[in-house]
Amino acid sequence: MPIISYREAIRAAMREEMKRDENVVIMGEEVAQFNGAYKVTEGLLKEFGPKRVIDTPISEAGFIGLGVGASMLGIRPVMELMFWSFSYVAFDQIVNNAGNIRYMSGGLINCPIVIRGPANGGTNVGATHSHTPEAMLAAHPGIKVVCPATPYDAKGLLKAAIRDNDPVYVMENTILYNDKGEVPDEDYIVPIGVADVKRVGTDLTIVAHGRAVITSLKAAEILEAEHGVSVEVVDLRSIRPLDEETILASVRKTHRALLVEENKPFCGVDAQVAYIIQSKAFDELDAPIGRVSSIDAPQIYSKPLEDVQIPSPARVVEAALKVLA
Amino acid sequence: MSNRHLTTAVAKPTALTHPESLKNPAGPSAFAKDPANAALTKADKVKLYTQMARIRHFEQRCIRTYQQGKIGGFLHLYVGQEAVAVGTLSVLGKNDHLITGYRDHGHALMVGMDMNSCMAELQGKATGCSKGKGGSMHYFAPDKNYWGGHGIVGGQAPLGTGIAYALKQKGLKGCCLVYMGDGAVNQGAVHEAYNLAALWDLPVIFIIENNGYSMGTSQERSTAHPGSLAKRAEGYGMDWDLVNGHDLYEVRAKTAIAVKRAHEKNRPTVLEIFTYRYFGHSMADPDKTYRDKEEIKGYREEKDPIKLWEKELLNEGVLTDALVASINEAAMEEANKAADFADASPYPTVESITQDIYWEEDNRGKDTTSRGTIIFE
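One line per chain: the protein sequences are A and B, in this order.
Counting from 1, one number per residue, gives the positions in the first sequence under our numbering.
Counting from 1, one number per residue, gives the positions in the second sequence under our numbering.
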């Protein structure tokens, strides 16, 4: 199976879906002539031409709203945000319009838009460029949110998102763009709302999404090598819809749960996951649910401190040992 | 990118100020013989009158229902502005679309939404046009090219620009009319939409329904360089014009020019249509603090678009007093029946609260891509 990067996997997903469906168009800042701020869309302008790969002005409320409107008429726009942090200036379009129009029209109008781009801290760029809005956006019924951690999932989830008839917001991670993994050439999708057990174990369940999955896998290796603990890592992949069954099945097996995410703790994704575990598997738990999030402050600029702010394998190991104690 | 836009000739707009236009006595329309109007048959003209009358009677019936406590939330009435929706929409063809803000009843009735479902929606009934999930501000009829009904001021401008983009992308010769109030012109989303429409040559017509007040704030208190809302189009190299919204012939004539420009050149236009609302911003507005009663009276008596059209058609011999009476009677009866229909309709079921959120959830099957829990306890 070919080994490609997370960046290449996303590009392949867009390329294949553009070939499959002429209604798929790509829009965003610097996606065409510049080949993408992170080179995710590199070569697509050359292959598909300016009618389908379109540079927008720096005007998120305008062009995201334009994409939402176009999607109501059956265009399938794949909109790139240079950072999901920039979605904040387009919030009305992303939440009020894309998220509500089907409901407010009593089901008459659909909004098959995809908005994608990086949503992560850890890159030494300060608070305004380091937001992780997946929990905030997933809090709105009408919106779907996915957070791929691997190249395979990035491609499969994006392809599913483009074919989906609802708004799907794909949160990528600039730190993962160069990560490599096996990705098949043949057509496949990763269904939205299906979690993936990335590592099988028996003593502790770690639930994570996005780059926190990679962090957790590293921690699991340390826990096994240094502490003889067998850790299962459940990658949510999708925040809304959420695969409750896979989470609960793992907790029922290990009886201990640690939740890891790069969000700030207050009302993060893991707050919801913890509620689900305690309400549906309370009797299965041998210890209180543990949690590792980013330290609760706006994202700090200073690199060494930002590395401390975001969950690290060492912090995950420490928290795991507490849950196992 | 060429500097073509910098040299685009912008049509010289006609002069009209607002509300000074009130001072000019209304006379026969100078636009009766305009190409957009010359082909109108007597039946067409009567129909336009009927459509305005239907909107007015519907809205007036809404007031009663609201006062009976049967309509919750906000109710923004279109009374006084009828010639804007009827005039502009009457020149459209099958590939032309529209989207508007929250003062959306007039457009809805004009595109052919039926009074029953519109009235039922106001009462939050299951038979409402949005199944009781949208309310007054959120009417939709995509089968009639009507994309709402939007509650956030100016938020519909990028959507309408996207509809125009989609038409062009699909190779359809159509356009999108994007309505907004005068209060919307200071929203960033509107300016971003202007820029995209002009930059990408999109067939969109931005229609500012200037009724003089953004809620309770007059233009003078809300807008830098007031009196030139449409002129802001020049900053984007767009054509623009000013329109007397009390004169149906003029509304049709100037809209037709913009539609032709959109169809033939894919160029956007900003039309500022001067109009006036007789009631408060919404029914929640007691309408006592920001304008005087004389001003309202003046518009009602001198500039009422329906009365002026009626006068025009009586002079032309198209309407008779008897026909006027029967049209109004029928419109009132239709509105009353709609209110009865709404009264008699059931509320939506509790189960329906969680329906119509996700297409994939409502249509789960072999073709859907979603699994897992999507509605949470």
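Simulated from the structure, these hints should not be mistaken for laboratory data.
Some hints here could point you the wrong way.
Computed Cβ-Cβ distance ranges for the label pairs, DEER-style [said to hold, decoys possible]: (1) B:Arg364 with A:Tyr275: 44 to 52 angstroms; (2) B:Arg221 with A:Pro298: 31 to 39 angstroms; (3) A:Gln278 with B:His225: 53 to 61 angstroms; (4) B:Leu172 with A:Gln278: 50 to 58 angstroms; (5) B:Asp143 with A:Pro288: 30 to 38 angstroms; (6) A:Ile222 with B:Asp143: 24 to 32 angstroms; (7) B:Glu234 with A:Phe91: 26 to 34 angstroms; (8) B:Glu295 with A:Ile295: 53 to 61 angstroms; (9) A:Ile3 with B:Asp362: 35 to 43 angstroms; (10) B:Thr373 with A:Asp185: 49 to 57 angstroms; (11) A:Glu245 with B:Asp367: 50 to 58 angstroms; (12) B:Asp44 with A:Glu47: 46 to 54 angstroms; (13) B:Arg364 with A:Ala287: 35 to 43 angstroms.
Okay, derived cross-link-like pairs now, DSS-like style, lysine-lysine, Cα gap no bigger than 25 angstroms in a straight line [said to hold, decoys possible]: (14) A:Lys280 with A:Lys322; (15) A:Lys51 with B:Lys337; (16) A:Lys46 with B:Lys170; (17) B:Lys144 with B:Lys293; (18) B:Lys170 with A:Lys19.
Just so it is clear, CB atoms sit at the ideal spot from N, CA and C, and this is done for glycine as well.
Verification of the hints:
no. : hint                                       : verdict
1   : B:Arg364 with A:Tyr275: 44 to 52 angstroms : violated, 25 angstroms
2   : B:Arg221 with A:Pro298: 31 to 39 angstroms : holds, 36 angstroms
3   : A:Gln278 with B:His225: 53 to 61 angstroms : holds, 59 angstroms
4   : B:Leu172 with A:Gln278: 50 to 58 angstroms : holds, 54 angstroms
5   : B:Asp143 with A:Pro288: 30 to 38 angstroms : violated, 54 angstroms
6   : A:Ile222 with B:Asp143: 24 to 32 angstroms : violated, 60 angstroms
7   : B:Glu234 with A:Phe91: 26 to 34 angstroms  : holds, 30 angstroms
8   : B:Glu295 with A:Ile295: 53 to 61 angstroms : holds, 59 angstroms
9   : A:Ile3 with B:Asp362: 35 to 43 angstroms   : holds, 39 angstroms
10  : B:Thr373 with A:Asp185: 49 to 57 angstroms : violated, 33 angstroms
11  : A:Glu245 with B:Asp367: 50 to 58 angstroms : violated, 22 angstroms
12  : B:Asp44 with A:Glu47: 46 to 54 angstroms   : holds, 51 angstroms
13  : B:Arg364 with A:Ala287: 35 to 43 angstroms : holds, 36 angstroms
14  : A:Lys280 with A:Lys322                     : holds, 22 angstroms
15  : A:Lys51 with B:Lys337                      : violated, 50 angstroms
16  : A:Lys46 with B:Lys170                      : holds, 21 angstroms
17  : B:Lys144 with B:Lys293                     : violated, 38 angstroms
18  : B:Lys170 with A:Lys19                      : holds, 16 angstroms
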